[in-house]
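Trainee: The primary structure of each chain is shown beneath.
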Amino acid sequence: MDASELDCIEMDLFVQALQKRHGHDFTQYAPASLKRRVHLLADQLECRSITGLTERMLHEPALLPRVLEGLTVPMSDMFRDPDMFRALREQVFPLLASYPHINIWQAGCAHGQEVYSLAILLEEAGLYERTQIFATDLSDRALQRASEGIYPAQEAQQWSRNYQAAGGRRSLADYCSAGYKLLKLNQRLRRNVTFAVHNLATDGVFCEAHVILCRNVLIYFSNTLQNRALSLFRDSLVRAGFLCLGARENIDRSPVARAFVPFSEPQRIYRLASHLDDIAE
Amino acid sequence: MTSPAAIAIGCSAGGVDALMTLLGGLDAGLQQPVLVCCHRSDAMDILGDVLGRNSVLPVIEAVERQPVQPGVVHLAPAGYHLLVESDLNFALSVDPRVNYSRPSIDVLFCSAAEVWRQALIGVILTGANADGAAGLLRIRQLGGVAIVQSPADAEATAMPQAALDLAGADYCLPLSDIAPVLNQLCHEYSHSQDPGRR
Chain A
1 MDASELDCIE
11 MDLFVQALQK
21 RHGHDFTQYA
31 PASLKRRVHL
41 LADQLECRSI
51 TGLTERMLHE
61 PALLPRVLEG
71 LTVPMSDMFR
81 DPDMFRALRE
91 QVFPLLASYP
101 HINIWQAGCA
111 HGQEVYSLAI
121 LLEEAGLYER
131 TQIFATDLSD
141 RALQRASEGI
151 YPAQEAQQWS
161 RNYQAAGGRR
171 SLADYCSAGY
181 KLLKLNQRLR
191 RNVTFAVHNL
201 ATDGVFCEAH
211 VILCRNVLIY
221 FSNTLQNRAL
231 SLFRDSLVRA
241 GFLCLGAREN
251 IDRSPVARAF
261 VPFSEPQRIY
271 RLASHLDDIA
281 E
Chain B
1 MTSPAAIAIG
11 CSAGGVDALM
21 TLLGGLDAGL
31 QQPVLVCCHR
41 SDAMDILGDV
51 LGRNSVLPVI
61 EAVERQPVQP
71 GVVHLAPAGY
81 HLLVESDLNF
91 ALSVDPRVNY
101 SRPSIDVLFC
111 SAAEVWRQAL
121 IGVILTGANA
131 DGAAGLLRIR
141 QLGGVAIVQS
151 PADAEATAMP
161 QAALDLAGAD
171 YCLPLSDIAP
181 VLNQLCHEYS
191 HSQDPGRR
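So the protein lines, in turn, are chains A and B. Counted the way the working numbering counts, the first sequence spans residues 1 to 281. Counted the way the working numbering counts, the second sequence spans residues 1 to 198.
Bear in mind the hints are in silico, worked out from the structure with no lab data behind them. All C-beta atoms in this analysis are idealised placements derived from N, C-alpha and C, irrespective of residue type, glycine included. There's no promise every hint is true.
[As the list claims (entries may be wrong)] Once the Cα atoms are required to be at most 25 Å apart in a straight line, the calculated SDA-like pairs of lysine to any residue come out as:
id : chain 1 : residue 1 : chain 2 : residue 2
1  : A       : K181      : B       : P96
2  : A       : K184      : B       : L137
3  : A       : K20       : A       : K181
4  : A       : K181      : B       : R117
5  : A       : K181      : B       : E188
6  : A       : K181      : A       : H198
7  : A       : K181      : B       : R97
8  : A       : K181      : B       : G71
9  : A       : K184      : B       : G14
10 : A       : K181      : A       : N199
11 : A       : K181      : A       : V197
12 : A       : K181      : B       : L47
13 : A       : K184      : B       : R97
[To be verified] On the chain B side, residues computed to face chain A include the following (Cβ under 7 Å):
id : residue
14 : R53
15 : N54
16 : V56
17 : P67
18 : T157
[As the list claims (entries may be wrong)] Residues of chain B clear of chain A, computed beta-carbon distances all greater than 10 Å:
id : residue
19 : T21
20 : E64
21 : Q66
22 : E85
23 : P96
24 : R140
25 : A158
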């Protein structure tokens, strides 16, 4: 048996141990990326092998938040894929404007870059006062960072370009204070955001949403888990509610995908089909 | 050598010309899938079109959850790491850059090496950083074949040199010789597998 086969055994044991010890289910994550992340985490925690990481995870409960953060590697930018945000502003917001109250669910919000992006757009559209954003993630540490809204200043230039490309009406600098190495988003942007732990692999519906954003989260899921998450979105959306996915996500393998019709196809914005009764599971 | 089942190629932005030469020289009847990771800015979406014009094999951007196809060149999309799952479907990730790069050659090579092991051929062309060296090492560790463009022949020497230093190579060739060697390695395979077929 070579190192690669041994590796597979160790991965299986790690995933099982994490589930049995802490109740976190990663069995339905796409294996290639998960394996890469587990190896990276083992290196960062100076474990000699995945088994070394498993041992620490089993015996050091305090390590769990660090493990979850490592396995979910929250990565995003403000206004990533600016065209999607522009489409939200120009095509979706005018339709939301007729609602007296708007719920938006950002599923897998990671470090919150897109939550603040969204809040800024809503503010500029005059919709923020009647909007509630639910920002969820399975990682406590990610949520903690998201609520702080502090990011490396080196990102500022790119984000500023993204903001302009997304149709921003002011300057991104108006929404944050920048230090030498860090920038902090104006905490007023957080006033209608609720951060909460929610796991797309195991948790259920918790709100009725007009818009759900879940971008570059499903790409880490198996087809089965992708289908589960999409079912959850279908059941959480209001009639004709909107679902925004990442630019390169493919949901063709999920039977539930039929519940969504393209609204702005290149920007990967979908709308819940209105005749749900006609759509079989 | 074991019969090759797939070819993975890595280069950085200066490598577009090199890729055009290489893809232009492959046999039209090649049965192996070709996976390409070429560093470029997230905005450069036209690489597939550019390469497609010069390639005898169809060039398409890899789509997540879709199968690796024989005789097709699959390109890692700008801004995403490309991986292969053991069921031979593609996966994408937006994990942090590796060697300042996303897509990263190391990420593609390592995942492809796990899947095809000794049946994978890894190719490193011209490039300006060390991405791909660790991936090529992984390919060799699992019994695959490594081809590196001779640094002297490369527009940018850093990438092939780093690959040679870390992983070594089974073939170190000028660019013009790489496609013929790939054709030969893959051709021998189809005949050794099915000697009765011509």
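Trainee: Each hint: holds or not?
Mentor: Do the hints match the structure? See the list:
{"no.": "1", "hint": "A:K181 <-> B:P96", "in the structure": "holds, 19 Å"}
{"no.": "2", "hint": "A:K184 <-> B:L137", "in the structure": "violated, 41 Å"}
{"no.": "3", "hint": "A:K20 <-> A:K181", "in the structure": "violated, 41 Å"}
{"no.": "4", "hint": "A:K181 <-> B:R117", "in the structure": "violated, 43 Å"}
{"no.": "5", "hint": "A:K181 <-> B:E188", "in the structure": "violated, 57 Å"}
{"no.": "6", "hint": "A:K181 <-> A:H198", "in the structure": "violated, 31 Å"}
{"no.": "7", "hint": "A:K181 <-> B:R97", "in the structure": "holds, 20 Å"}
{"no.": "8", "hint": "A:K181 <-> B:G71", "in the structure": "violated, 48 Å"}
{"no.": "9", "hint": "A:K184 <-> B:G14", "in the structure": "violated, 37 Å"}
{"no.": "10", "hint": "A:K181 <-> A:N199", "in the structure": "violated, 32 Å"}
{"no.": "11", "hint": "A:K181 <-> A:V197", "in the structure": "violated, 29 Å"}
{"no.": "12", "hint": "A:K181 <-> B:L47", "in the structure": "violated, 35 Å"}
{"no.": "13", "hint": "A:K184 <-> B:R97", "in the structure": "holds, 23 Å"}
{"no.": "14", "hint": "R53", "in the structure": "violated, 23 Å"}
{"no.": "15", "hint": "N54", "in the structure": "violated, 25 Å"}
{"no.": "16", "hint": "V56", "in the structure": "violated, 27 Å"}
{"no.": "17", "hint": "P67", "in the structure": "violated, 11 Å"}
{"no.": "18", "hint": "T157", "in the structure": "violated, 28 Å"}
{"no.": "19", "hint": "T21", "in the structure": "holds, 28 Å"}
{"no.": "20", "hint": "E64", "in the structure": "violated, 5 Å"}
{"no.": "21", "hint": "Q66", "in the structure": "violated, 7 Å"}
{"no.": "22", "hint": "E85", "in the structure": "violated, 5 Å"}
{"no.": "23", "hint": "P96", "in the structure": "violated, 6 Å"}
{"no.": "24", "hint": "R140", "in the structure": "holds, 13 Å"}
{"no.": "25", "hint": "A158", "in the structure": "holds, 23 Å"}
Figure legend: structure checked against the earlier numbered hints; hints not met, in rising order: 2, 3, 4, 5, 6, 8, 9, 10, 11, 12, 14, 15, 16, 17, 18, 20, 21, 22 and 23.
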